[in-house]
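A.B. asks: So you can see what is in the structure, the chains are spelled out below.
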Amino acid sequence: MTATEYNYSVFDGSAEEFREFAVHAPKATMRAPSLPLEDLATGRIVEMSELWRSEVALIEFGSFT
Amino acid sequence: MEELAGRYANRAVRSVFIYTREAHPGENYRHHESLEDKRQNARAFVAHSKLRRQVLLDDLEGTAHCAYGMLPNMTWIVGRSGMIHYKSAWTSVADVEDALERVLDFQANRAKRQWVAFYSERSAWSTRDYKGFMAGLERNGPQAVADYQRMLERNKAAREAPSEDVGPRVPGNYYEPEGGTGA
Numbered sequence: 013m014t015a016t017e018y019n020y021s022v023f024d025g026s027a028e029e030f031r032e033f034a035v036h037a038p039k040a041t042m043r044a045p046s047l048p049l050e051d052l053a054t055g056r057i058v059e060m061s062e063l064w065r066s067e068v069a070l071i072e073f074g075s076f077t
Numbered sequence: 774m775e776e777l778a779g780r781y782a783n784r785a786v787r788s789v790f791i792y793t794r795e796a797h798p799g800e801n802y803r804h805h806e807s808l809e810d811k812r813q814n815a816r817a818f819v820a821h822s823k824l825r826r827q828v829l830l831d832d833l834e835g836t837a838h839c840a841y842g843m844l845p846n847m848t849w850i851v852g853r854s855g856m857i858h859y860k861s862a863w864t865s866v867a868d869v870e871d872a873l874e875r876v877l878d879f880q881a882n883r884a885k886r887q888w889v890a891f892y893s894e895r896s897a898w899s900t901r902d903y904k905g906f907m908a909g910l911e912r913n914g915p916q917a918v919a920d921y922q923r924m925l926e927r928n929k930a931a932r933e934a935p936s937e938d939v940g941p942r943v944p945g946n947y948y949e950p951e952g953g954t955g956a
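Protein chains in written order, with this note's numbering: chain A, 13 to 77; chain B, 774 to 956.
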């Protein structure tokens, strides 16, 4: 998926996204994928695996809209 | 979730918010064409919501968001070993707290009680704050309201009458009445 496709400009509420989450996203008991993210406050790159290295990680995904 | 994060901070729970694409872009908070667009909207969100949790930005392509299923407001709980303990299509504070307590119990007592984790699924529920949701769309701009209304009209036309034993179908609920098409 390209950045343009991912960042749609018009919401169309595709129900397919929910099937994607159920069928293709990792399941409970699987190893969590670790990907790099940018800390908004500092600009530092944070590997997701750092989140659960010594603590339980509670991760919420979202946006302003 | 902010209040929950605060209460569990001293119980070895690290709470973060991963900023994704805009779910309902509008004239006031547009879709992202650059990482700077994303940072700008994320900063506005932090200020508006008085967020104290660490906010992490995904890349412009949404690589992390896609890897975790791409839904607009998911919550995941990952144990210290990196094992996924909980994934939820929507975020319900009560459901998250219930799961979190169980995960902390598992982490603390797994060895002593010889517990072995296994895969399971269950449904969860939350109260729909339609008024608050619509106020959010209005804040995003008229386009966000119009896009959402268009989706509702499309779904209404496609949907059969709701079943009596399961509430009206909403995104995140896979239930389809026998012979029905679902939403």
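Just so you know, these hints were derived from the structure itself, not from any lab. C-beta: ideal position from N, C-alpha, C; glycine also. Hints are supplied without guarantee of correctness; some may be wrong.
[Unchecked claim] Here are the computed distance ranges between Cβ atoms for each label pair: (1) 886(B) to 66(A): 33 to 43 Å; (2) 896(B) to 38(A): 16 to 26 Å; (3) 55(A) to 886(B): 41 to 51 Å; (4) 16(A) to 879(B): 23 to 33 Å; (5) 31(A) to 785(B): 30 to 40 Å; (6) 16(A) to 870(B): 14 to 24 Å; (7) 35(A) to 836(B): 37 to 47 Å; (8) 870(B) to 20(A): 26 to 36 Å; (9) 867(B) to 14(A): 15 to 25 Å; (10) 779(B) to 54(A): 16 to 26 Å; (11) 871(B) to 31(A): 31 to 41 Å; (12) 56(A) to 853(B): 19 to 29 Å.
[Claimed, not checked] Here chain B is said to cover these stretches of chain A; the calculated rule only asks that three of the stretch's residues, wherever they fall, bring their Cβ under 8 Å from a Cβ of chain B: (13) 22–31; (14) 34–46; (15) 49–60; (16) 63–75.
A.B. asks: Now look at each hint and say whether the structure bears it out.
C.D. replies: Comparing the hints with the structure gives:
| no. | hint | in the structure |
| --- | --- | --- |
| 1 | 886(B) to 66(A): 33 to 43 Å | violated, 22 Å |
| 2 | 896(B) to 38(A): 16 to 26 Å | holds, 19 Å |
| 3 | 55(A) to 886(B): 41 to 51 Å | holds, 43 Å |
| 4 | 16(A) to 879(B): 23 to 33 Å | violated, 42 Å |
| 5 | 31(A) to 785(B): 30 to 40 Å | holds, 35 Å |
| 6 | 16(A) to 870(B): 14 to 24 Å | violated, 38 Å |
| 7 | 35(A) to 836(B): 37 to 47 Å | violated, 19 Å |
| 8 | 870(B) to 20(A): 26 to 36 Å | holds, 32 Å |
| 9 | 867(B) to 14(A): 15 to 25 Å | violated, 38 Å |
| 10 | 779(B) to 54(A): 16 to 26 Å | holds, 21 Å |
| 11 | 871(B) to 31(A): 31 to 41 Å | violated, 25 Å |
| 12 | 56(A) to 853(B): 19 to 29 Å | holds, 22 Å |
| 13 | 22–31 | holds (count 8) |
| 14 | 34–46 | holds (count 12) |
| 15 | 49–60 | holds (count 7) |
| 16 | 63–75 | holds (count 13) |
Figure legend: structure checked against the earlier numbered hints; hints not met, in rising order: 1, 4, 6, 7, 9 and 11.
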